[in-house]
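Peer 1: Residue-level listing of the chains:
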Amino acid sequence: MTSSDVLEAPTGRADPAFPLFSLLGRLSESRGWAYFLIIPSLILIMVVVIYPVISGILMSFQELRLTRPGSNGYIGFEHYIDLVSDRIFLRALQNTVVWVIGGVTSQFLLGLITALALNRGIFGSRLARIVVLLPWILPTVAAGHMWALMLDPRLGVINDILVRLGFLDSYRAWFADPSTAMPAVLVVALWQGFPFFTLMLLAGMQGIPDDLYEAASVDGANPLQEFIHITLPLLRPIIVSTVVLRVIGLVNAPDLLIILTNGGPGDATQMLSLYAFNKAYASFDFGYAGAISVVMFIILMVFTIVYVRALRATQE
Amino acid sequence: MRKNSRISSGLSRRQFLKGLGVSGAGLMLAQAGLMRLAAQAGSINYWHHFTSESEFLGLEAIMAQFKERYPDIDLIQENIPNADFMARFTAGVLADTRANVSMVTTERLADMVAMEGLVPITDRVNSWELREYFPDNRWTGITVDGEIYGVPAFSFVDWMYYRKDWFEEAGITPPTTLDEFRAACVALTDPAQGRYGFGMRAGGGGQAFIADMIEAFGSPLVVDGEVAIDRALAIEAMDFWSGLYKDGLVPPSAPGDSYRQIMEGFKTGQTGMVWHHTGSLAEIQAAMTPDQFGTATKPTGPADTLTRTSFLYNGLMKDENADAAWAWVSFWGENDPAITFLEATGYFPASTAVADDARIAENPIYAPAIVSAAQGKLPPQFIGFAGWSQEIALPAFQRILTGESTVEQAVDEMISGLADAL
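Protein chains in written order, with this note's numbering: chain A, 37 to 352; chain B, 9 to 430.
Just chain A, with the same shape it has in the complex (with noise of 0.2 angstroms):
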């Protein structure tokens, strides 16, 4: 037995007996063996997105209240016209644009400077890189309670502190409070967002090659005119994902909201994925929350296209 026979069998090409093996050695030298083997994954991506994209469209334009099952039935664009008269939802239309603006300048700001000064290797670097991944790896249930407790307005550590350091006379209802509601939630957004793009800046910076930099440094650059022309360019590419992911997590996820505020008081806190949530979930009328759900997903598509092509643009 050569090595030339272990390796014709199975293909099949030499035995007859393995018809199965003969017709995937002939597939796997045609155009269609790379088609062949994206099935799996073209399968999994219609079962899991495409499908529950589709119903979600489609749910938009029933009657769908799981209370009134002999009321149900396609009712055309009838909740989108209903959501341009919505008080609510057009509060929390603007509340979700001060919230992902707000939250992704303030955590990608923060990340920014903390992966600028984890990138310079000085002493303790290694711990505190660690140290700074801990918000985003604690649940957001836990890190939500947390916070509530350290804002509450009896018991509050920051309370406590900030009267003690004389910027209150008195303990404050942060989240009871429209005019501090959504400061008070941004603040706790960003503690728990920004080491994601920490993370992520600091892995791209690690990247950068140090030729780049001692090359401009001979010409004379200074360290911000480095981080202009050298460093923001070859982050541009993260930071483009990462901004888009970083919008998509916050108009999607309103956990933290749920548990900080549940949109109040008031509206003061009401965003579009609570909306939808509580309209589905609390009222059951999910055609309804279809609608909304559909509009943050055309908002986020023509956010995402026009973003990516205006730095492209930018870069070109």
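Read the hints as simulated data drawn from the structure, not as lab findings.
Be careful, since some hints might not be right.
Unchecked claim - Below, a sample of chain B positions facing chain A; criterion: calculated Cβ distance under 8 angstroms:
id, residue
1, T276
2, R407
3, L409
What the hints assert, rightly or not - Okay, the calculated bits of chain A under chain B, using three or more residues with CB under 8 angstroms as the criterion:
id, segment
4, 184-191
5, 210-220
6, 248-262
Here the structure is a predicted model, which means the values were calculated and not measured.
Beta carbons: idealized from backbone N, C-alpha and C, even for Gly.
Add chain B to chain A, keeping to what the hints say.
Peer 2: Quick look at chain B alone, frame taken from chain A:
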């Protein structure tokens, strides 16, 4: 022939057939018993929304008793936070990943039945040997269109905790009417000492008080499936309720205060009164001395009581393993589990047989609860109530507190929102 009709043992044909019949019946009964035992086996899961440590201790104790009684039934308890309970329940119904047994409250019953999430158990209840210890009002809150969907496990008896020492200091007694209640709030409030008269719950869970207040001022919410809120009475009710906040008689954090905040406020000496049900007694007793706090019935409104007495039920979500599920559901109605749970948590039993037990009847701390249990009325039962109260009524009320709406605007919003919800 006659001779042939006798069998060799000397028995007549009639005697033989009679004996055969008796033996057969005995065999069938034995078989039924065996089948019943066999049916009361297997694995069942139980969705609940217990939250406090005392509730979990009580649940664990009952589960241990249940295991002793039914060693062949494996009971798996699954805790779902109350705020997420309906989301999980709905997902379970939609995806057909139901539990065997689920907790059911009266406020949620209409929605749960409307989405076909519960299995009627009327026949089982009517043939249950403990049925007689549960008067009709226990079943009203779990009945839809004549079908019973659960068994009462324990009751939520509304009452009031008050700072006994503060009341003595102010020379006043627990209020019995809303006017007296407000006067007591004024007497107890002292911002210089960080004291407020009442711990208002206007954050999560505060929606219940809005419906209570509107009804206590004389306006129904829904009659025959139609909105029946009397605008003038509702405005009066919301004006009174929000007035406590505007006049500084409750903590400024009230718009965001939920159960945890009002309890901590009371326990840490920030508030002089708080309304809840008997289920929080164990927590209060653990944190305060008997000299510091007392219990009383809630004050009555101008037209109706503010006190609710509702029941926590357990119901079947599917027919699979129904006998084992029924064993768990009905077990809660027995004396020992009910007393065990009361002692662990303070939740009152639903069974009259248990409520008459000396450990309850002769304990003075429970006296207001016994009165409240008799006076209390059931929560509203109409489809859409939970969504309306949580999504419309509570935010509208919060906007009054934060100055974003007038009382009139908020009430109008509640009325129009209720029409949409029905």
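Peer 1: Now tell me, hint by hint, if it's right for this structure.
Peer 2: Each hint, compared with the structure:
no.	hint	result
1	T276	6 angstroms, holds
2	R407	4 angstroms, holds
3	L409	7 angstroms, holds
4	184-191	holds (count 4)
5	210-220	holds (count 5)
6	248-262	violated (count 0)
Of the numbered hints listed earlier, the single one contradicted by the structure is hint 6.
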